[in-house]
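A.B. asks: Below are the chains, spelled out letter by letter.
There are 2 protein chains.
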Amino acid sequence: MVGADVVFKCENFQKMGAFKMRGAANAILSLSNEERNRGVVTHSSGNFAQAVSLAAQKLDVKAYIVMPENAPQVKKNGVKTYNGEIIECESTPQARESTANKIKEQKGASFLHPSNQDEVIYGNSTAAIELLEECPELDVILTPVGGGGLIAGTALAAKYFSTKCQVIGGEPMEADDAYRSLVSGEIETNDSFHTIADGLRTHLGDRNFPIIKKHVDKIIRVEEHEIVEAMQIIWERMKIIIEPSCAVPFAAVLKNKEEFKNKKVGIILSGGNVDVKNLPF
Amino acid sequence: MVGADVVFKCENFQKMGAFKMRGAANAILSLSNEERNRGVVTHSSGNFAQAVSLAAQKLDVKAYIVMPENAPQVKKNGVKTYNGEIIECESTPQARESTANKIKEQKGASFLHPSNQDEVIYGNSTAAIELLEECPELDVILTPVGGGGLIAGTALAAKYFSTKCQVIGGEPMEADDAYRSLVSGEIETNDSFHTIADGLRTHLGDRNFPIIKKHVDKIIRVEEHEIVEAMQIIWERMKIIIEPSCAVPFAAVLKNKEEFKNKKVGIILSGGNVDVKNLPF
Numbered sequence: 003m004v005g006a007d008v009v010f011k012c013e014n015f016q017k018m019g020a021f022k023m024r025g026a027a028n029a030i031l032s033l034s035n036e037e038r039n040r041g042v043v044t045h046s047s048g049n050f051a052q053a054v055s056l057a058a059q060k061l062d063v064k065a066y067i068v069m070p071e072n073a074p075q076v077k078k079n080g081v082k083t084y085n086g087e088i089i090e091c092e093s094t095p096q097a098r099e100s101t102a103n104k105i106k107e108q109k110g111a112s113f114l115h116p117s118n119q120d121e122v123i124y125g126n127s128t129a130a131i132e133l134l135e136e137c138p139e140l141d142v143i144l145t146p147v148g149g150g151g152l153i154a155g156t157a158l159a160a161k162y163f164s165t166k167c168q169v170i171g172g173e174p175m176e177a178d179d180a181y182r183s184l185v186s187g188e189i190e191t192n193d194s195f196h197t198i199a200d201g202l203r204t205h206l207g208d209r210n211f212p213i214i215k216k217h218v219d220k221i222i223r224v225e226e227h228e229i230v231e232a233m234q235i236i237w238e239r240m241k242i243i244i245e246p247s248c249a250v251p252f253a254a255v256l257k258n259k260e261e262f263k264n265k266k267v268g269i270i271l272s273g274g275n276v277d278v279k280n281l282p283f
Numbered sequence: 003m004v005g006a007d008v009v010f011k012c013e014n015f016q017k018m019g020a021f022k023m024r025g026a027a028n029a030i031l032s033l034s035n036e037e038r039n040r041g042v043v044t045h046s047s048g049n050f051a052q053a054v055s056l057a058a059q060k061l062d063v064k065a066y067i068v069m070p071e072n073a074p075q076v077k078k079n080g081v082k083t084y085n086g087e088i089i090e091c092e093s094t095p096q097a098r099e100s101t102a103n104k105i106k107e108q109k110g111a112s113f114l115h116p117s118n119q120d121e122v123i124y125g126n127s128t129a130a131i132e133l134l135e136e137c138p139e140l141d142v143i144l145t146p147v148g149g150g151g152l153i154a155g156t157a158l159a160a161k162y163f164s165t166k167c168q169v170i171g172g173e174p175m176e177a178d179d180a181y182r183s184l185v186s187g188e189i190e191t192n193d194s195f196h197t198i199a200d201g202l203r204t205h206l207g208d209r210n211f212p213i214i215k216k217h218v219d220k221i222i223r224v225e226e227h228e229i230v231e232a233m234q235i236i237w238e239r240m241k242i243i244i245e246p247s248c249a250v251p252f253a254a255v256l257k258n259k260e261e262f263k264n265k266k267v268g269i270i271l272s273g274g275n276v277d278v279k280n281l282p283f
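Heads up: the protein sequence lines correspond to chains A and B, in order.
If you're matching positions, the first sequence starts at 3 in the numbering used here and goes up one per residue.
If you're matching positions, the second sequence starts at 3 in the numbering used here and goes up one per residue.
Here chain A stands alone, though its shape is the one from the complex (with noise of 0.2 Å):
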């Protein structure tokens, strides 16, 4: 279909769902074990809530999820089963920040962030270095860029154990804020996030973008059917769910069959999470 050989890395296929483990595991590991008695706080309603509760359960850490009060159930489920204590917050990024601090203050909980924080671009690596380890011939590889996080990680990853691998980010149109950092080598934010690819609508960090302008080679942007088309894809050929998101990459190897084309092309699949029962097609 792309005139290339194109392998993927299913992240969808962890345990809580996407690659987030990772980071999230990475970073408690990295805490000494006074700060693993005082616990770890994070505010986010999306995969990283859940990735921080089951890597915490696993290690035996105490996690505090600030949620958003209006955050659906299902989310808030997914933290409940990991063991994860929520504290609901009002719905702005003021609530959710001061409610983080107040529980950093109380608990001398450690913070984790999503993805602007080296323990966490750096377990990200580790899907690329796994990938690596088994594909080392690839060209290139891509992955989605939302936070930054994982494109990050990929890029020290791909220039750390590979001479010639190259790393391509795919981000929605809609959300082209690393396209746009990556143009005026500032971080540039988005206005407006329409985006089926839920989990892009957000921006770069100052961790992860000096990363991403030395390490990154470019950003491919897709439009919005583009992703659907893509995802449909990956979904009737390969059997396997992805979410919109994660589609993102294959999408832009989609658009530019002649720049991929005879390469070893290594996508990296983010996740998995989607509502079965709302789909785009």
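The set of hints was computed from the structure by calculation and includes no laboratory data.
Treat the hints loosely; a few may be bogus.
Which copy is meant is left open, because identical chains are indistinguishable; a pair holds if it fits in one copy or across any two.
Below are the SDA-like pairs computed for lysine to any residue, each with C-alpha atoms no more than 25 Å apart in a straight line [stated by the list, open to error]:
| id | residue 1 | residue 2 |
| --- | --- | --- |
| 1 | 82 | 3 |
| 2 | 60 | 162 |
| 3 | 279 | 12 |
| 4 | 77 | 194 |
| 5 | 279 | 3 |
| 6 | 279 | 237 |
| 7 | 161 | 120 |
| 8 | 17 | 137 |
| 9 | 265 | 37 |
| 10 | 279 | 227 |
| 11 | 78 | 235 |
| 12 | 266 | 15 |
| 13 | 77 | 281 |
| 14 | 166 | 216 |
As the structure is a computational prediction, the values presented were derived from the model and not from experiment.
Fit chain B to the known structure of chain A by using the hints.
C.D. replies: Positioned in the frame of chain A, the structure of chain B alone reads:
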């Protein structure tokens, strides 16, 4: 969830999306060179048509696929993808049989049956053989029961390659001919097929029923809503796409948890060919 150690053999990951590839390939491999030169013929509008087309293509054999003229375009396309030659006929069992017979006579092609042929049954048995190679300690293997070709092959494999492994079938209450056949000791039929498990809307045959009678330990019947619930659990938790027929044995396990408690349970996931635009949930 079950209180048992459950492993899955993912036949939905076969290239054409179902275990049928095994029987089709083995049946063609069992032909003499002379027979292969004359081609193969089957009448099927489902997974077996694609399996025969693909297996024949790989082995450089001509495949004639008899299909009712009103078969869905998507199924015709599947066959064409693998270079099967479609011969259309009226949409009656009689027309399908007589058309296939005509090709058999005219071309000297070998007829392949989707479930009631020894070589197809033996080919199907390789799924259970591989499963037992990986998990020799299984107490029981479950499969869906439709035409009987999969469970017959599975039962032969389990009785031959394990000293203790039971074989249990899952069957929709709405098409429980195999359950009733085991009770009466003769091949029973269904008056209707009001089940979502479209791959199981068929009957046992005279080649597979004796094997089933001798080697299958029991058949568990499940309701339609139990099939849909089991399917949704596998989609959501395992992030893989399976078709309704494929969910039937897992539904049987969920319905009879006490029976499987603390056991090592293998489930053959038969296939994943489902219209993602038309789901039961």
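A.B. asks: Against this structure, judge whether each hint is valid.
C.D. replies: Structure-based check of each hint:
{"no.": "1", "hint": "82 x 3", "result": "between (42 Å within a copy, 16 Å between copies)"}
{"no.": "2", "hint": "60 x 162", "result": "neither (29 Å within a copy, 41 Å between copies)"}
{"no.": "3", "hint": "279 x 12", "result": "both (22 Å within a copy, 23 Å between copies)"}
{"no.": "4", "hint": "77 x 194", "result": "within (23 Å within a copy, 42 Å between copies)"}
{"no.": "5", "hint": "279 x 3", "result": "between (29 Å within a copy, 22 Å between copies)"}
{"no.": "6", "hint": "279 x 237", "result": "both (15 Å within a copy, 11 Å between copies)"}
{"no.": "7", "hint": "161 x 120", "result": "within (17 Å within a copy, 55 Å between copies)"}
{"no.": "8", "hint": "17 x 137", "result": "both (23 Å within a copy, 21 Å between copies)"}
{"no.": "9", "hint": "265 x 37", "result": "neither (46 Å within a copy, 40 Å between copies)"}
{"no.": "10", "hint": "279 x 227", "result": "both (19 Å within a copy, 15 Å between copies)"}
{"no.": "11", "hint": "78 x 235", "result": "between (30 Å within a copy, 18 Å between copies)"}
{"no.": "12", "hint": "266 x 15", "result": "both (23 Å within a copy, 22 Å between copies)"}
{"no.": "13", "hint": "77 x 281", "result": "both (17 Å within a copy, 23 Å between copies)"}
{"no.": "14", "hint": "166 x 216", "result": "within (15 Å within a copy, 60 Å between copies)"}
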